[in-house]
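Trainee: Going down the list, the sequences are from chains A and B. 1 is the number of the first residue of the first sequence in full-length UniProt numbering; add one for each residue after it. 1 is the number of the first residue of the second sequence in full-length UniProt numbering; add one for each residue after it.
No lab work stands behind these hints: they were computed from the structure.
Each computed DSS-like pair below joins lysine-lysine, with the alpha-carbon atoms no more than 27 Å apart: (1) Lys11(B) - Lys742(A); (2) Lys687(A) - Lys55(B); (3) Lys7(B) - Lys742(A); (4) Lys841(A) - Lys55(B).
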Amino acid sequence: MATAASEAALDASWNAVVAAFARRTVPPTPPRFDASALGVVRSAGAAELLVELCTEQVRSDIAERLVPAFWQKFEWARAGGAARSPRRAQCAFFAAVHDIVGELSAHAAALLALEGQLLGGSGAREGARVPQLLLHAHSLLLVRVPPGLDYTLLAVTFWDQSFRDHCAHLARHRPRRAPARAAEPCERDSDGEESESEGEEEEEGGDGEEAAVMDAPGASGDGLRALLTPAHVSSVEAFAFARASGASAHAADGVPMEVEDEGGSGRDGRRSELELRLAAFSLCCAQLARVRWTAFVEEPLQLLLCARLRAHIHTTCSAQFGRRQLERVLGWLSRQLLPWLDAISAAADARVGVGWAGAPLPPPRRPAPPSVWAVRLTQFVHETFGSLRSAELFDIVCDFPDSRAALLDLALCLRHTHQHAQLAASLRAALENRLLRPGVATAQVLQLYIQTIQALHLLDPTGLLLQRVSAPVCDYLQRRTDTVHQIVKSIIDNAAAPELGAPLLADGDGADSDADGSAGGGGRAAAPLDAALRWRPLAADADIAGSAAARARGDVLSMLVSIYGSREVFVSEYRAMLADKILGPAGARAFDADHERKNIESLKVRFGEAALQQCEVMLRDLTESRRVGRVLGEAAAPREGTLDGAFNVTVLSRSCWPALPDDEGLAIHPTVERSLSRFERLYAHHKSPRKLVWKRSLGAVKLDLEIGGVTVCDVVCTPAQATILLHFADEGRWALRQLAEKMGVDATALRRKMSHWLSRGYLVEVEGAAEATFEVAAHLGGGGQELAQAHDDDDGGGDAAGSAADALEREKETGVLTAFISNMLTNLGALPLSRIHTMLKMFLSGTRKYDQSEAQLDALLMRLVEEDKLEFAAGKFSLKAAQT
Amino acid sequence: MAPPGLKVTVKRWSAVASWTWTADDDVCGICHMALDGCAPGAAGPGDDSPVVWGKCAHNFHLLCISTWLQSKTSCPICRRNWEFAPSAPPPSATLAEDG
Chain A
1 MATAASEAAL DASWNAVVAA FARRTVPPTP PRFDASALGV VRSAGAAELL VELCTEQVRS
61 DIAERLVPAF WQKFEWARAG GAARSPRRAQ CAFFAAVHDI VGELSAHAAA LLALEGQLLG
121 GSGAREGARV PQLLLHAHSL LLVRVPPGLD YTLLAVTFWD QSFRDHCAHL ARHRPRRAPA
181 RAAEPCERDS DGEESESEGE EEEEGGDGEE AAVMDAPGAS GDGLRALLTP AHVSSVEAFA
241 FARASGASAH AADGVPMEVE DEGGSGRDGR RSELELRLAA FSLCCAQLAR VRWTAFVEEP
301 LQLLLCARLR AHIHTTCSAQ FGRRQLERVL GWLSRQLLPW LDAISAAADA RVGVGWAGAP
361 LPPPRRPAPP SVWAVRLTQF VHETFGSLRS AELFDIVCDF PDSRAALLDL ALCLRHTHQH
421 AQLAASLRAA LENRLLRPGV ATAQVLQLYI QTIQALHLLD PTGLLLQRVS APVCDYLQRR
481 TDTVHQIVKS IIDNAAAPEL GAPLLADGDG ADSDADGSAG GGGRAAAPLD AALRWRPLAA
541 DADIAGSAAA RARGDVLSML VSIYGSREVF VSEYRAMLAD KILGPAGARA FDADHERKNI
601 ESLKVRFGEA ALQQCEVMLR DLTESRRVGR VLGEAAAPRE GTLDGAFNVT VLSRSCWPAL
661 PDDEGLAIHP TVERSLSRFE RLYAHHKSPR KLVWKRSLGA VKLDLEIGGV TVCDVVCTPA
721 QATILLHFAD EGRWALRQLA EKMGVDATAL RRKMSHWLSR GYLVEVEGAA EATFEVAAHL
781 GGGGQELAQA HDDDDGGGDA AGSAADALER EKETGVLTAF ISNMLTNLGA LPLSRIHTML
841 KMFLSGTRKY DQSEAQLDAL LMRLVEEDKL EFAAGKFSLK AAQT
Chain B
1 MAPPGLKVTV KRWSAVASWT WTADDDVCGI CHMALDGCAP GAAGPGDDSP VVWGKCAHNF
61 HLLCISTWLQ SKTSCPICRR NWEFAPSAPP PSATLAEDG
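For reference, chain A alone in the conformation it holds in the complex (with noise of 0.2 Å):
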């Protein structure tokens, strides 16, 4: 009977323990438990079981109730709808954390009151239950998302809301600014007990903005107070308070909670919208840190940080490169971002109205300490920025001299991030995607491509990032035939073009008081490149090898000649512009020679001496040309027949100019010839022992025609072409036949020298005569206009029909010695360079004679080496092995 009487009594004991358990109440207090009740229940040693029964009732009291009940808040949000209402998602979110936490913590509060009493601190897992029942908790809920239901988004939208609410109420509290400043839009809180209106720092108005409107939830009725119930705006409430009377010992965290109540009105007085929301937010993070739902917090978080930077960045910063912005993102990062991190974290080491009274629980685990996130989102700053800098490079570096703000930002960023590999691919990527391609021309490649040595050079002055970079650009110039040519156009054109110009004349390590003179011209864009250019590494960095230490001074120049490797080549191409200037259409006459010698000064800087002797001399055989002109003139007495005042002639010293043209037997018109034939013989009496050699199809004429009454005043031809015109006016009409035998020149060539005449109208062609004959147009078509168009064409039309016939000639010599020079290779294996020219020089006489410079004969072998049919090793050249 006994045991049934004490069955009886277990029986009721237990039941009365744990009808006692279940009375939780939220806001937890502890229950009571009757101390007899529990006597009997340990006195039966079913102690454990008791609890473990609790336990269990409390596991599946969360798995079936709480968490249905808590995803059962979001049963709106399914499909995207937390995007459409952020604050209706923040409030949900805070509302059912507020709910769920605070079962939970009914729960714990019981089940420790429980273990407590029951087990009396003998139950070898007391203490371990409740952390373990909060993780259960954690790992239910987030197991059991429901389906459709973005749960990351929705966190990461909770997170957002209170950043922006963060900043809204930093704006706020922020000491007021100009009165200028004003000018944004009003901030109305919910109860329009006050509007504010402050002015967002300038770089910060996106969020500013966005914070004003966050905070007006006006008609839409989205206000904390709409959305939630009364009980959780009075626990809300009650929050705030305890924080805002002290209560808290926070004050000092760097986290302002101030609180604005008017009037006194204390703790009924409506609170703002802003900071009820606030307190809400406090309120949650403290919950989340209680029952230490870790993976609640960070991972949304983190995201929201990354994706706020990420787009911070690229609002603000992109394509902004003319003021320095990293700074402004660190500011940024640490004047909003880290205060809001701060708050969290202070919110979760909050004790007040959390927790369950007295509870024996590790303290709560809280998200990472402020610091750390400090350092990893710097970190993330750099990175991003630094991307966003390394895919905008190229847009940098057509900008560039007014790019170096980006620039210095990116450098920075590099020093933290090291991203230099990915900067340097982005960046060949984009030079090969945009810049090398058939359309651009080649002037443009070589501008862009100073800018990017420029550039590169402020960004990482080893140049090992260049290197990288450059490569396939040098490898296009390379590829492109007028390269060289423009390099030098540019040194020559620099007076037009400053930008170009002055940065390769102005960085010579010994050019600087000249580079002053010969780029003075180009002031707004050369000093900060001067500034940028004397810039030097420091000396540990002194012993890198010559192209090295080239590419690390930013030496344009050197980094342009070194394209190709030699700088012969450099300068015989700078050599035949100058040829082309002074024999051109222009004439010597409007050549400006003074100009032209300072290149030469400026050249010969970089080059030295001797590699411009030539040159030098091909400007003083202009002058001496004038002089001797001159004297002759006065020698000689004016004569019947002749062009005296209008002929003068430009002697050349033959062996220090480019390859001219031979005169391919032409004849000029009768008229000339005696000019020319006076002169010489004027020359060869005055300058004995000397004589002249004539290049008749070289030089200039200008002239004026008159056809059937209307004048055609200064037009510019090649002395063929006038020829055939002075023919003309001889006779009107001449047989394509006759008249090129007249000239000493071939068919065919004479039709391409009038075809230059024919295009013009000034000359038909007789249609059905028996053979090509042409005739003097009876009239001009279009009188005045005709004569501006023919000044515009004459310059190139004439230099084209010229230079083509030079390749022509060129090619038919070039074949004639090619032939030769793999027959003499085939016999006497390698030769160096002067050999094979001596040699050619020796052999080839007669008809077909030799008579190129030894660049000229370098040029070539060089071409035959590219084409594969020659070798050239150890400074000789030899047949490819594959041929002999």
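Here the structure of chain A is known, so what remains is to put chain B in place on it, guided by the hints.
Mentor: For chain B alone, coordinates are given in the frame of chain A:
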């Protein structure tokens, strides 16, 4: 034949010529550079690298032969005793033939 309808007035005719020595050889026998080019060490061709004739009808850069004559007295090509010719062979055309 149609009457000439074209009248041309030459306002300027810039002709181009190159000069050369009235010598038989192209290259200086000593330096193997073109006679009308630069002697080694000279500043430029022409007046800066004058050419001289010997009585043996061989010609060299003045600079080259002077250096040679410091150690030898013969012509470096024909080994005859070197004597300067008084002047270059007379040019083929003289002013007297003019007109």
